[in-house]
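**Q** Those protein sequence lines, which keep their order, are chains U and S.
The opening position of the first sequence corresponds to residue 67 in the numbering used here, with each subsequent residue numbered one higher.
The opening position of the second sequence corresponds to residue 48 in the numbering used here, with each subsequent residue numbered one higher.
Hints in this document: simulated from the structure, not taken from any laboratory.
Every residue gets a Cβ at the ideal spot worked out from N, C-alpha and C, and that includes glycine.
Treat the hints with caution; some may be incorrect.
Some chain S residues near chain U, calculated using beta-carbon distances under 7 Å [what the hints assert, rightly or not]: (1) Tyr-90; (2) Arg-121; (3) Gly-213.
Among chain S residues calculated to face chain U with C-beta under 10 Å, some are [said to hold, decoys possible]: (4) Tyr-86; (5) Gly-88; (6) Thr-113; (7) His-123; (8) Ala-127; (9) Val-219; (10) Gly-223.
The lines below spell out each chain.
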Amino acid sequence: MITRRGLIVTGGASLLAGCDSWTGSKLLLGAEDAHRFLQRSITGRAALAHEFRPDQRSPRFRTNGTANPNTPEYNALASNNFADWRLQVGGLVQRPLSLSLAQLRSLPQRAQITRHDCVEGWSAIGKWQGPQLEYVLRLAGLRDGARYIVFHCADVFGQRKIPYYESIDLIDAFHPQTILAWSMNDKPLGVGHGAPLRLRVERQLGYKHAKYLMRIEAVASLDGIGRGKGGFWEDIAGYEWYAGI
Amino acid sequence: MQVYRHRLITRIWHWINAIAVFVMVPSGLMIFNAHPRLYWGQYGANFDHAWLVLPRWPGWLTLPSTYDLAGARRWHLFFALVLAFSLLVYMAWSLANRHFQRDLRIRRAELTAAHIGADLKAHWNMRFHDPANPHAYNLFQKASYAGVVFGLLPLLIFTGLALSPGMWPWLVDIFGGRQSARSLHFIAMALLSLFLLAHLTLVILAGPLGEVRSMITGWWKVPEDDA
Numbered sequence: 067m068i069t070r071r072g073l074i075v076t077g078g079a080s081l082l083a084g085c086d087s088w089t090g091s092k093l094l095l096g097a098e099d100a101h102r103f104l105q106r107s108i109t110g111r112a113a114l115a116h117e118f119r120p121d122q123r124s125p126r127f128r129t130n131g132t133a134n135p136n137t138p139e140y141n142a143l144a145s146n147n148f149a150d151w152r153l154q155v156g157g158l159v160q161r162p163l164s165l166s167l168a169q170l171r172s173l174p175q176r177a178q179i180t181r182h183d184c185v186e187g188w189s190a191i192g193k194w195q196g197p198q199l200e201y202v203l204r205l206a207g208l209r210d211g212a213r214y215i216v217f218h219c220a221d222v223f224g225q226r227k228i229p230y231y232e233s234i235d236l237i238d239a240f241h242p243q244t245i246l247a248w249s250m251n252d253k254p255l256g257v258g259h260g261a262p263l264r265l266r267v268e269r270q271l272g273y274k275h276a277k278y279l280m281r282i283e284a285v286a287s288l289d290g291i292g293r294g295k296g297g298f299w300e301d302i303a304g305y306e307w308y309a310g311i
Numbered sequence: 048m049q050v051y052r053h054r055l056i057t058r059i060w061h062w063i064n065a066i067a068v069f070v071m072v073p074s075g076l077m078i079f080n081a082h083p084r085l086y087w088g089q090y091g092a093n094f095d096h097a098w099l100v101l102p103r104w105p106g107w108l109t110l111p112s113t114y115d116l117a118g119a120r121r122w123h124l125f126f127a128l129v130l131a132f133s134l135l136v137y138m139a140w141s142l143a144n145r146h147f148q149r150d151l152r153i154r155r156a157e158l159t160a161a162h163i164g165a166d167l168k169a170h171w172n173m174r175f176h177d178p179a180n181p182h183a184y185n186l187f188q189k190a191s192y193a194g195v196v197f198g199l200l201p202l203l204i205f206t207g208l209a210l211s212p213g214m215w216p217w218l219v220d221i222f223g224g225r226q227s228a229r230s231l232h233f234i235a236m237a238l239l240s241l242f243l244l245a246h247l248t249l250v251i252l253a254g255p256l257g258e259v260r261s262m263i264t265g266w267w268k269v270p271e272d273d274a
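Chain U on its own, in the form it takes in the complex (with noise of 0.2 Å):
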């Protein structure tokens, strides 16, 4: 017999079922482009994130994703304090980069009190500081054709072991407060928050925030990079790639 009770609790569970399978519908992925858009259209290209003062940083910055890397590799750059490190700038460069945590120390530095919102909802306040992206992608020289910026990882994820990686495009990429951070809190990056460097793009939530960088390619397309979303999280879990709302 249909009762209308049982009419209603069937007929919300399908709703509800009927719901979770469009979650992954073209419609509601086209909210991402609409909202970058209209977000780039009212602010502007190199506005800059709030910068905050010494003490309203949070007492406590508490560590997300990875907390240490932990594979053979990593751990042998870690026990002589990365001096065998090297960042690798490539891709659709004129000039290939091998730079060490000595050389990016001596380029030309920015440092900034930033919030970092996490996707999940929380907010820490930390110093960062490091040379400007913007700088080391002019040393290394951008060809023509290069459109987005890819950073590889050290910390890899799940049983097939996938590095982690994200990317960005060039006006994220040339913003002013885009920088490789090699410190946090006047001292250098610990390994909780992505030692020895790690990206910080100041205008987007923290998953952009690639630590444990090893590696920066320049590419035309992100079609050929993991499964062609342009980031770990965005191929693995279908977060927006445009991580500013």
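Add chain S to chain U, keeping to what the hints say.
**A** Then chain S, alone, in the frame of chain U:
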């Protein structure tokens, strides 16, 4: 007796907004489940003092129904555009066609103690309209509709925008920091949900078929005993 109670733009907006709210609240609760703690100020994470810590919302209240932060964000960010732009169009239209000025404006005479008392008594007796002027909203309808249209929905939209790290930083400062904006976003959602419960309860008490029909066709049949 029938009266023409709701114009086309009001009806269209009402149903678009209803769908948007029924997506925004459940998907927002799923986003909240990713970090079910609320803070005041610029920052706030696990080691900081939370003013509210809640258990995770159950699956029958969330969208999607099983844990999926990325999927919930997709729903939320799509319907955020629907909610905000439909409200904007509705507001502009309703200023132009004088719906707001005529139907939602609270007159001074309605704010006397005698009038408020009479309206309260009428509500208590399940009479929600003035028989002499059946298409006018009563004081509590005006106050709650205006509170939602001009208060809660804009607050939800702007606190929501403030949560986006790519938006204007000054928007965050208006609300006293990103975590304050997140708390206000949640409080506004809770108030909107209370409105929704009261709204649906009153629709049922006032006669659900006639009320829903009037929001679809525009025409409302004045209950017999008052006509």
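**Q** Against each hint, give a clear statement of whether it holds in the structure.
**A** Consistency of the hints with the structure:
1. Tyr-90: holds, 5 Å
2. Arg-121: Arg-121 (chain S) check passes; min Cβ-Cβ to chain U is 5 Å, inside 7 Å.
3. Gly-213: Hint on Gly-213 (chain S): holds, closest Cβ of chain U at ~2 Å, below 7 Å.
4. Tyr-86: holds, 8 Å
5. Gly-88: holds, 9 Å
6. Thr-113: holds, 8 Å
7. His-123: holds, 9 Å
8. Ala-127: This interface hint holds because 8 Å falls under the 10 Å limit.
9. Val-219: For Val-219 (chain S), the interface hint holds, since the closest Cβ of chain U sits about 7 Å away, which is under 10 Å.
10. Gly-223: At about 12 Å, which exceeds the 10 Å cut-off, the nearest Cβ of chain U leaves the hint on Gly-223 (chain S) violated.
This entry does not satisfy hint 10, going by the numbered hints stated previously; all others are met.
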